[in-house]
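Hints given; two lone chains; assemble the complex.
Line order of the protein sequences matches chains A and B.
Numbering that gives the first Met the number 0 puts the first residue of the first sequence at 0, with every later residue one more than the last.
Numbering that gives the first Met the number 0 puts the first residue of the second sequence at 0, with every later residue one more than the last.
Note that these hints are calculated values from the structure, not bench results.
Hints may be right or wrong, so weigh each one.
Some, not all, of what chain B presents toward chain A, calculated at C-beta under 10 Å [said to hold, decoys possible]:
no., residue
1, LYS77
2, SER144
3, ASP151
4, ASP190
By construction, the Cβ of each residue, glycine as well, lies at the ideal position given by its N, Cα and C atoms.
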Amino acid sequence: MTKAEIIDGVKGVIAKNSRYTIDEIKVTDPLDKFITSFMKAKLAGQIKKKFSKVNTTGLTNILYESIKKVSQLVDHVNN
Amino acid sequence: MKKFLSILIFLVLYKFEASCQERLLFLGVTKNYISKDSTNFSFNFDLNRIPGGTEKVGGTFFMNRFINKEESWRMYIKPSIDVNLGTGTTTAPNNVNLGIPIGFSFDEIKLAELSFEASPEFVADKNFDNFLYYGSVGVYFKVESKRKTLLDISTGMTLSYGKRSYSDKGKQANNYGRLAFPLYVKFALCDAVDKTDPTKHYFRVQLTNTFKLYNVYKDNETITPDPSLVYNSAKIEFYFIPRLAISVGYNYGYEEPLFKKINSLSAGLTFARF
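Only chain B is shown next, with the shape it has when bound in the complex (with noise of 0.2 Å):
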């Protein structure tokens, strides 16, 4: 199981060129607030997935097409992926993502989409030791505004229920099942682009903001005793050169499979593209 997990992202990774994702490296120092005061130095690699977002990664949309004969109403099926790792244990959520939404997208609301999706989903940590697996039924809610300045929000609400589980064969799994709220924010400004090629942009400013609210009402009591838990992850990035940025970011909260406590600031360069 670890063996083919791992071809899987290793196969997935490298076609991360290909990718619409954004944010791939970061590489910087990062300061903890958990337990003992400790800087880090750390390197994270991020493939981030928006909440209700249907962003290409190292492959190709299954579908995407109308079903309805006004073609108002579409239907996607996309597999995702989600690659949160770092050096240190409390310097990024340490977990991997696979899901394959299959989604309704109604189109006919200018600059917005409102989708629902279904989506088995798979989440480990960084071992594959400790992992989730669960099906999930949401619905999201997306705006775009671009002009001068580009504001995109994400919003929804998803369902889940499944089981966790363990390497370990000793360990005995138990069923999960969690109510999600997820909101992501994007915000760019000084867009400012070369004259002769205006496919290049050599100076940007961007904030992004992923918040979580979980609701874990089922799980392992001594991973979470509280069931009510929240994560954000909150980044301003300064672009001089399209895939270059300097970057300061804060991450705070529990994230799955582990819900362990993540308190940090970070300061760094990030790799990344448009």
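Isolated chain A (complex conformation) (with noise of 0.2 Å):
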């Protein structure tokens, strides 16, 4: 997959579960615009259904511990 495609893929996770549109969504914003710590747990298992090499636990907890931006989720999933 490309950054191209991840970033995308992405922001369509967010898309579908917050209330705004991909166009919307940058990657330089914080991710908590979208979703807060409330529902963090529930964003780290639908990133897993579009990024099937994803490990949920993992994200998770880095969810909660360090991820701010919506481009440090996308880094976490392209490595």
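In structure tokens form, the structure reads like this:
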């Protein structure tokens, strides 16, 4: 997968699980603009559905620990 | 037992910076409306467990992964802790709750989550003199709507059964059972962020309310003469910088394990994080 495809995929998952459209989501935006800690465990699962290689448990913990921006989520999926 | 629990609490609190818990410390003045009218300076430590929520507290999710081929059901295991300690006996519930929820969550509802949980739980007063340990099963439904404003709602039902016990060996333990209906609401608006760094919020107004309706169907009647009890905690917070808010709160009702009546109005500073 290319980086651009990953970015589109992550934005798509966020859009599907928030009240924003894909066009309104920028990689420089903070993640909690769209989804708060209330729903991050669910978001990790939805990311896993789109990107099968992601470890849901690991991503869940990192979402709570350190991922603040959409770009950081993209980087985690890309690695 | 007390020493072990104290060490466990210390280790958890030591890691609280890594937590996604929102409200941590409250420092202010509390006016009590119990028996005699009194005003106290109060310091409350509050790691607030949202009913049905799975916050991270000083540790990790042991598990959070799909369990079916369609990837519509997740199973999670995550330790949880709720600590509410105050300097006054009626300014805070003064309890420590530990649990290890094991849950199954259905994720196919947009902006919402339906969870079924089972958990061993331990609830003690702040001196660990009077404590409850029980098994709970429950169902929770939560919704998040966030755009210019934020609205989080979580509600559900839990059934618990176990024992009430005491550190004083002279007191006899008794069976304890209760049904609980929690309702949690958080509403936030005016969420202004720093334009040079959007991860930094510099103004936010947040209103949270936690309501619990208890039906204690089995217990020591001297502690719970009335099986139907309610507890409500409401707070409004004004954040001018990300981790510090001016807050006003009102607590009323009865909470585990002692079910002592709380009726207090508080105002002061809340140290937290989003």
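Tested hints:
Below 10 Å, beta-carbon pairs count as interface contacts, and LYS77/B has one with chain A at about 8 Å; its hint therefore holds. With 10 Å as the threshold, the beta carbon of SER144/B comes within range of chain A, its nearest partner Cβ sitting at about 6 Å, so the hint holds. The interface hint given for ASP151/B holds, since its Cβ lies 5 Å from the closest Cβ of chain A, which is under the 10 Å cut-off. The interface hint given for ASP190/B is met, as the beta carbon of that residue sits about 9 Å from the closest beta carbon of chain A, less than 10 Å.
Checked against the numbered hints above, the structure breaks none of them.
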